[in-house]
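A.B. asks: Sequence order for the protein chains is X and R. The numbers in the numbering used here rise by one with no breaks, and the one at position 294 of the first sequence is 294. The numbers in the numbering used here rise by one with no breaks, and the one at position 259 of the second sequence is 259.
Just so you know, these hints were derived from the structure itself, not from any lab. Note that the coordinates shown come from a computational prediction; the quantities given were computed from them, not determined experimentally. Possibly wrong hints are sitting among the right ones.
Any copy, or any two copies together, can satisfy a pair, since identical chains are not distinguished.
Listed below are the simulated SDA-like cross-link pairs for lysine to any residue, each with C-alpha atoms no more than 20 Å apart in a straight line [unchecked claim]:
1. 129 / 284
2. 292 / 138
3. 292 / 170
4. 18 / 68
5. 92 / 64
6. 187 / 247
7. 54 / 17
Number of protein chains: 2
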Amino acid sequence: MPDTFTIGLVQMRCSADKEANLAKAEAAIAAAARQGAQVVCLPELFLGPYFCQKEDAALFDLAEPIPGPSADRLAAAAKANDVVVVGSLFEKRMPGVYHNTATVHDATGQFLGMYRKMHIPDDPLYFEKYYFTPGDLGFKVFSTSRAKVGTLVCWDQWYPEAARLTALQGAEVIFYPTAIGWHPKEKAEYGEAQHSAWETSMRGHAIANGTYVAAANRIGHELPPDGDRAGGLEFWGASFVSDPFGRMVRRASHDREEVLVVTCDRKLMEDVRRNWPFFRDRRIDAYQNIVKRVAD
Amino acid sequence: MPDTFTIGLVQMRCSADKEANLAKAEAAIAAAARQGAQVVCLPELFLGPYFCQKEDAALFDLAEPIPGPSADRLAAAAKANDVVVVGSLFEKRMPGVYHNTATVHDATGQFLGMYRKMHIPDDPLYFEKYYFTPGDLGFKVFSTSRAKVGTLVCWDQWYPEAARLTALQGAEVIFYPTAIGWHPKEKAEYGEAQHSAWETSMRGHAIANGTYVAAANRIGHELPPDGDRAGGLEFWGASFVSDPFGRMVRRASHDREEVLVVTCDRKLMEDVRRNWPFFRDRRIDAYQNIVKRVAD
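Bound conformation, chain X alone (with noise of 0.2 Å):
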């Protein structure tokens, strides 16, 4: 392997129009591979809005198999800039088992796998639990021909248990496509606290597993369903890179399409697990208790 690879996080704002959607992915995929990038991740669910806000039986109809028509366009992207993508698609998997999944191609176009959600949330507005069945794949590294890429989804950027599973497995970034975004209403008293324990939370676990944390997200305000311009939600963008130690590499804008290319070194890695050598003292023997809901 060499000593560094390069990561393209694409941050984009998503219509209703799904085959513009896909459009603009792919040439975000394309302009990130002109800048170097080796592997580029989308946003979560980036083909339309973020149609969780309500539920809606008649939206299952956005799901598509994989591969599928959506997927394929991935695959094609891939190959055609050579180079890996990290997708993310609502997953039609069978009448009534639906899933949040990310994908990944490797560079050829092929098809490496996927990982279904695992931490399914449910709050107002982001009504996860009635769309998608939680992920039965487990958590998942993939051997692609640039990096050994973990792929994780949005919720799952608050639980520890997920990126040290995932780092387990060998990870050297660990990929977060993600669609979270303020309240509007709640926005002047706790959107900079939110936004705060969101990047501290994955920079926590780029620590504690010495590895690379990459999250992807949208932009842009999407009204509710009864189209009160002062609801819906306003999603945050601020993709970014943290390295091996915790250190912010680079961070977008809050409000602005972009695409961030950062490269990746593996012998920071080996350095920063050297110095602080946590995978060597942990207590496998003491944390059974893990697999508890509560331990009371």
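Let chain X serve as the given structure and place chain R on it in line with the hints.
C.D. replies: Okay, now just chain R, sitting in the frame of chain X:
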């Protein structure tokens, strides 16, 4: 339980005079109590210089049984000031078995129990594996008269598993008696990133677990065995309290003795956990590999 409880962190310099360190700790406990603290935490191994800078069999003489003379002094300080005291002692358990142990005395002076440091570091000048047998009591929470107190020690702060297993037992605050500092020769290049990673890691635990986190560190430049003034360890202080949202409530200086007193809000914990209900969605069916060294 009342809506709040108040904690105190003692940040101190530790000299070669054990009695002076004990007296200083007693005075700091009293000062914290006067400022309203109900639970006071001391830095790691505050009875003397951080002796793990060298491996010397004679230094096992520093260890004491628990209960024992110094633990009794902590009990008396707890009772005299009507505060819970979290101490940190070099425990002699039997000849050849020594631990790095956190003690918990209730405000009556009653000994509630101890936590033996589970993760033991071993880096240049932090030769702890020579002195400390890894803990065999597991992760602990103590139901004191003032709060449910979790105890971890220093190197544990890099392990999300430790914080999680403590929080799963209902900890309202996790205390980390600490002795961490810079190698003076590394400080210019890495010092800021090291301190930031340390703080970020623990803020991450606060966020992931919706609990208060409090670290009490020592200060002072302690010389190495060869007396080289350019060597040794410069303990970085910066004791702090994070709230359950990961917000920095109070942070001490890098170089002054201080007592930090912070009121913790049980309603905030409840509120944070209602709004970001991470515990609800843990995939306890899928975490089994946490007990593997590497999942390769």
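A.B. asks: Which of the listed hints are not met by the structure?
C.D. replies: none
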